[in-house]
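The residues making up each chain are set out below.
2 protein chains.
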Amino acid sequence: MRIAHVAPLYESVPPKLYGGTERIVSYLTEALVALGHEVTLFASGDSRTSARLVPGRECALRLDPRPKKSEIAAHLAMLAEVRERAHEFDLIHFHLSHFLHFSFFADMAGRTVTTPHGRLDYVDLAPTYRRFPRFPMVSISRSQRAGLAEANWLATIHHGLPIDIYRPAFETTEEEPYLAFLGRLSRDKRPDRAIEIARRSGLKLKLAAKIGDDDRAYFHDVVEPLIDGDRVDYVGEIAEDEKAEFLGKAAGLLFP
Amino acid sequence: MRIAHVAPLYESVPPKLYGGTERIVSYLTEALVALGHEVTLFASGDSRTSARLVPGRECALRLDPRPKKSEIAAHLAMLAEVRERAHEFDLIHFHLSHFLHFSFFADMAGRTVTTPHGRLDYVDLAPTYRRFPRFPMVSISRSQRAGLAEANWLATIHHGLPIDIYRPAFETTEEEPYLAFLGRLSRDKRPDRAIEIARRSGLKLKLAAKIGDDDRAYFHDVVEPLIDGDRVDYVGEIAEDEKAEFLGKAAGLLFP
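For the record, the sequence lines run as chains B and A.
Be aware that the first sequence starts at 40, since it is given in my numbering, and climbs by one per residue.
Be aware that the second sequence starts at 40, since it is given in my numbering, and climbs by one per residue.
The shape of chain B in the complex, shown without the other chains:
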């Protein structure tokens, strides 16, 4: 099949550091290429893929050091390009959460599928979904659907990952066992709960996480006062090739 994948432009595919959605898009794209499909990836120009890459923007938004960027305009330009080439594909798979593509593809919704990788309980999503044709949707969990229960759900496909990239280290070389928190220090991800769980368990906690611009106030107010550099240690945002070791050596992963 001729398949297009349309990734968000926030991070490259795969991401250099943080970036859950872009990582999953990468796994999926590579697997489809390996299965013999003709895959085109719309993503930031600094992405790496064995599919055909159509750059939606020179480089990914978040790590682009230029101060004045427009997330909305960047995605609109990419979507205009996807629209122009739509006839080249049997299926167009959108990995965008906030329906920015709906107005471009309203006349061919049936040839698309949308996997929103984020939460769907935002008050504006359900009324907006109803404004457009019933775009076919794939959920990443059953519970994710609750916020958009009446959508045209085709399937739930949990995030998969290559089976050999992470392996636990059953014998640790660490002086002291630690719990791991990996991801983003945002209100949604509940690092405050992870810290409380670690405190009560008596184990040390290492937080390896991004602090987004949107999260900085929350970090300042809630998380930073709880970090002591010893029992609760913030080790920064880590790269892809550091994750296997960080997770492998941990006594446990907290994802509260």
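Calculated directly from the structure, the hints in this document are not laboratory data.
Identical copies carry no separate label here, and so any pair may be met within one copy or between two of them.
In silico DSS-like cross-links for lysine-lysine, where the CA-CA straight-line distance does not exceed 25 Å:
#: 1; residue 1: Lys228; residue 2: Lys107
#: 2; residue 1: Lys249; residue 2: Lys107
#: 3; residue 1: Lys108; residue 2: Lys249
#: 4; residue 1: Lys245; residue 2: Lys228
#: 5; residue 1: Lys228; residue 2: Lys243
#: 6; residue 1: Lys249; residue 2: Lys282
#: 7; residue 1: Lys282; residue 2: Lys245
#: 8; residue 1: Lys108; residue 2: Lys55
Following the hints, put chain A in place on chain B, whose structure we already have.
Relative to chain B, chain A alone:
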């Protein structure tokens, strides 16, 4: 003429507190109604206007206390409604900065006009503008055009305001004269410069301004340490009916 004005959904029209764009849309809408035009305003449902109001969302985004809102989805729902009613209008005037409406109105760009009320030197705007038909644009200053020089500019129309709403108080009842800073404590608005100017002039400075979620880290890092509650005083975000007094009594307005 049958004119539609499409306002952003961040603040009501007019805004309750901060909100430059929504304030100007209100002035313009009321003036067009007074001139006898048939005006429809697409804006948040808590707006007040003598035009016909079509609510794009129950209430404006920023002061909506619910935590999970989608700015993008909210605007998409409103734009879908404008598109559905497009045949009712001779002219549709968009007051949106990041081209979210372009994909909806590509087939009738000539019947629209767009006034972006923000800066246009974001790296993503010019390449995105070129992806769509040459939408007719109105600038709010000559210098604003620089970032999008090749756009289809029709005119520059400076922000106007009703002539009788602000008047200076030539005799002040204040103990000590003060300089005024009004607006938003963001990097773009340069409150740091205002503070430096006040310091060098020896005059007291009062900052009446919004601190947006995006601005909180900047406020924390740069502005807050300079506020002493005396020579440099943050008086919070003030309401429409407090502005005339705040500005009228000031020795001068700093807008650096």
